[in-house]
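2 protein chains.
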Amino acid sequence: MITRTGRYTLLFDQHPMAAGFAAVVGKKEGEGPLARQFDKIFEDTKLGQETWEKAESAMQEQAVHLALDKASISPQQVDYVLAGDLINQCTSSIFGLRSLDIPFLGLFGACSTMALSLGLAGLLVESGAAGTCAAVTSSHFCTAERQFRFPLEYGGQRPPTSQWTATASGCAVITPSTNGGGPQIAGVTFGRMVDMGIKDANNMGAAMAGAASATIVDFLNDTGKKPEDFDMILTGDLGQVGSDLMQQLLSRENVELGTHYADCGLLIYDRQTQDVHAGGSGCGCSAAVVCSYIMNLLKTGGMKNVLFVGTGALMSPMTVQQGESIPGIAHAVWLKSAY
Amino acid sequence: MITRTGRYTLLFDQHPMAAGFAAVVGKKEGEGPLARQFDKIFEDTKLGQETWEKAESAMQEQAVHLALDKASISPQQVDYVLAGDLINQCTSSIFGLRSLDIPFLGLFGACSTMALSLGLAGLLVESGAAGTCAAVTSSHFCTAERQFRFPLEYGGQRPPTSQWTATASGCAVITPSTNGGGPQIAGVTFGRMVDMGIKDANNMGAAMAGAASATIVDFLNDTGKKPEDFDMILTGDLGQVGSDLMQQLLSRENVELGTHYADCGLLIYDRQTQDVHAGGSGCGCSAAVVCSYIMNLLKTGGMKNVLFVGTGALMSPMTVQQGESIPGIAHAVWLKSAY
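The listed protein sequences derive, respectively, from chains X and G.
For the first sequence, the positions run 1 to 339 when the UniProt record's numbering is used.
For the second sequence, the positions run 1 to 339 when the UniProt record's numbering is used.
Derived by calculation from the structure, the hints in this document are not laboratory data.
Watch out, some of these pointers could steer you wrong.
Said to hold, decoys possible - Below 35 Å or equal to it, Euclidean Cα-Cα: the simulated DSBU-like pairs (lysine-lysine) are:
| id | chain 1 | residue 1 | chain 2 | residue 2 |
| --- | --- | --- | --- | --- |
| 1 | G | LYS299 | G | LYS27 |
| 2 | G | LYS304 | G | LYS336 |
| 3 | X | LYS199 | G | LYS27 |
| 4 | G | LYS199 | X | LYS46 |
| 5 | X | LYS199 | G | LYS226 |
| 6 | G | LYS299 | G | LYS226 |
| 7 | X | LYS28 | X | LYS199 |
| 8 | G | LYS336 | G | LYS28 |
| 9 | G | LYS199 | X | LYS27 |
| 10 | X | LYS40 | G | LYS299 |
| 11 | G | LYS299 | G | LYS40 |
| 12 | G | LYS46 | G | LYS226 |
| 13 | G | LYS46 | X | LYS199 |
Stated by the list, open to error - The following residues of chain G were derived to be distant from chain X, with all beta-carbon distances above 10 Å:
| id | residue |
| --- | --- |
| 14 | GLY106 |
| 15 | ASN221 |
| 16 | LEU297 |
From a predicted model like this one, the values you see are computed outputs, not experimental measurements.
For each residue, glycine too, the CB sits at the ideal point set by N, CA and C.
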């Protein structure tokens with residue numbers, strides 16, 4: 001049963017679970033601190049495809065098949081696949097998933113998409129609308145850079161506030177929790193758009209910090225939980241600039257995350273050695289971190305409670321050119337261990 | 001309660017209803033056969049804004065406010081707004097809805113988005129996850145043309161198969177049906193992607209026909225219903241080329257829609273006098289037709305049962321340039337009169 005608690009939060013009594021999950025990443029992510037967590041590392045970030053976009057699609061397809069295999073579930077058994085990505089008209093999801101023949105719910109949440117798809121998949125299973133859902137998303141450094149910023153060949157300089165779009169995809173296959181001991185979804189807070197007035201497309205962390213802060217405060221208020229009730233409150237992906245800013249905003253609300261705080265964009269790369277400036281970003285960044293490292297720890301009981309707060313910067317090159325600011329959005333998913 | 005019936009269809013026992021609905025359109029749509037059905041016709045299709053994109057956003061915002069006003073519901077009472085559009089990164093929805101401060105579920109279904117948002121809104125209310133949802137989408141001839149095809153100033157010729165993107169927005173406010181007699185949502189079939197191998201971005205009707213046919217067959221098989229059980233089976237938007245093709249495909253499955261069939265893209269314009277070639281299209285086309293003409297008839301009991309099948313062509317200029325075909329998708333929503 002789904003129970004609304006407070007103004008914004010849904011609790012799932014049955015705790016739908018990730019029966020399978022998988023993360024695939026590119027070369028650079030495979031050289032980072034989480035290398036051993038990932039299911040597959042592609043040394044060739046074009047995956048043998050003609051274009052980066054086709055490579056990103058192929059990555060997403062592989063993540064779905066790996067997650068399904070690990071859950072011993074066939075595509076024919078999946079009721080819905082929930083997916084989206086950063087590329088115009090959700091190109092990577094559409095062309096990655098079209099061969100699956102699974103009803104397709106297309107989503108858009110920019111870099112918050114993994115939390116949106118995971119939360120909705122949990123809701124669909126909890127409500128009985130679905131027996132099995134696949135939640136998936138992806139990003140690719142080369143597809144995102146040329147679409148949102150400059151052609152790669154131009155070699156544009158990145159300012160210190162900029163984040164590095166992860167070449168990665170993550171998928172979780174959500175089923176009722178009666179079937180086993182996978183990581184569970186205990187609740188979700190879908191977020192509102194928060195516009196901080198940031199107009200710098202190279203400072204997305206700052207653009208998203210307000211939304212992340214608002215959603216965390218909403219979740220804590222609604223549930224009566226405290227940060228120390230969680231092993232980890234995990235944003236994805238604010239990077240260093242956005243993380244610092246969000247914690248300042250939370251302090252004003254008397255919320256201190258302290259050592260319980262982490263950010264997917266800071267976990268996936270080593271900022272000292274990997275030249276990623278403020279950290280990682282892209283739908284695939286949090287998708288790959290959650291569908292490997294985080295879910296691995298939840299599955300074994302190494303962590304009991306994680307609040308995953310996916311954050312998105314809602315912009316396109318056109319909106320920036322037209323002088324618009326960049327609204328942020330953040331969706332929170334409460335992940336729980338079965339143990 | 002949500003009941004899965006057959007492989008693909010969900011039935012809603014409580015029949016969530018549209019407590020309010022509204023459609024706003026541009027000048028050309030206001031000169032068409034449905035002119036008297038619309039809540040507002042903008043003679044200035046820029047709505048006094050600096051850009052077409054800002055105008056489309058403003059149109060979407062107005063549709064939401066009008067639908068809420070008609071339902072006597074304030075934005076603060078809405079649990080979720082479900083929205084998407086054709087513009088890169090869902091620009092029109094984001095900037096049209098950011099000031100509402102309502103949790104935002106971003107969707108992508110190309111021109112099928114109204115059916116996707118309506119179906120999901122019904123599901124959220126039926127499941128108890130939400131008390132009130134707003135489902136909204138929009139399109140604008142000028143934003144779509146310059147993004148998907150050519151700059152308007154270029155004056156590119158349109159082939160006979162091309163469709164005219166409607167300048168329009170529609171919104172429905174979905175609540176539990178205990179509150180009154182509005183049009184009800186009795187069920188939904190979320191569709192699979194179907195790729196007919198069409199590569200011509202000026203023939204979207206053909207690209208979507210296979211998906212529309214598949215979803216209609218799925219719905220009829222799952223529910224045991226026949227076309228004659230519906231006052232109208234309404235696609236949105238196949239235009240003349242796609243409608244003809246879809247009916248040929250359905251004939252092969254021994255499904256004849258006959259006089260029960262209509263298409264939003266053929267209802268919104270007069271093809272003889274309005275120079276729209278194969279008919280209308282765009283997220284806003286079916287949104288505006290359903291959230292005015294169709295829901296008006298359902299509200300008064302002028303029609304009892306309508307199967308609204310939103311259809312989308314999943315493409316971007318880049319995917320076409322990269323030689324990809326255009327997969328189609330179709331989501332079916334069973335709309336019912338309370339009388």
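Tested hints:
Pair hint LYS299 (chain G) plus LYS27 (chain G) holds up; C-alpha atoms about 26 Å apart against a cutoff of 35 Å. With a C-alpha separation of about 6 Å, the suggested pairing of LYS304 (chain G) with LYS336 (chain G) holds against the 35 Å cut-off. Restraint check for LYS199 (chain X) and LYS27 (chain G): the C-alpha separation of about 33 Å stays at or below 35 Å, so the hint holds. For a cut-off of 35 Å, the pair hint linking LYS199 (chain G) to LYS46 (chain X) stands: about 24 Å separates their Cα positions.
Between LYS199 (chain X) and LYS226 (chain G) the CA atoms are separated by roughly 54 Å; this puts the pair beyond 35 Å, and the hint is violated. The hinted pair formed by LYS299 (chain G) and LYS226 (chain G) meets the criterion: a straight-line CA distance of about 23 Å does not exceed 35 Å. Simply put, LYS28 (chain X) and LYS199 (chain X) have alpha-carbon atoms about 29 Å apart, close enough for the 35 Å limit, and the pair holds. A C-alpha spacing of about 30 Å is found between LYS336 (chain G) and LYS28 (chain G), which places the hinted pair at or below 35 Å, so the restraint holds.
Among the hinted pairs, LYS199 (chain G) with LYS27 (chain X) is consistent with the structure: their alpha-carbon atoms are about 33 Å apart, no more than 35 Å. Proposed proximity of LYS40 (chain X) and LYS299 (chain G) is contradicted: the alpha carbons are some 54 Å apart, above 35 Å. Between the alpha carbons of LYS299 (chain G) and LYS40 (chain G) the distance comes to roughly 19 Å, so the proposed pair stays at or under 35 Å and holds. For the hint linking LYS46 (chain G) to LYS226 (chain G), the alpha-carbon distance of about 44 Å lies beyond 35 Å, and the restraint is violated.
Straight-line distance between C-alpha atoms of LYS46 (chain G) and LYS199 (chain X) comes to about 24 Å, which keeps the hinted pair within the 35 Å bound. Here GLY106 (chain G) does not stay apart from chain X, with its beta-carbon only about 4 Å from theirs, under the 10 Å limit. No Cβ of chain X approaches the Cβ of ASN221 (chain G) within 10 Å, the least distance being about 14 Å, so the stated non-interface status holds. Chain X leaves LEU297 (chain G) outside its interface by the beta-carbon criterion, the shortest separation being 28 Å against a cut-off of 10 Å.
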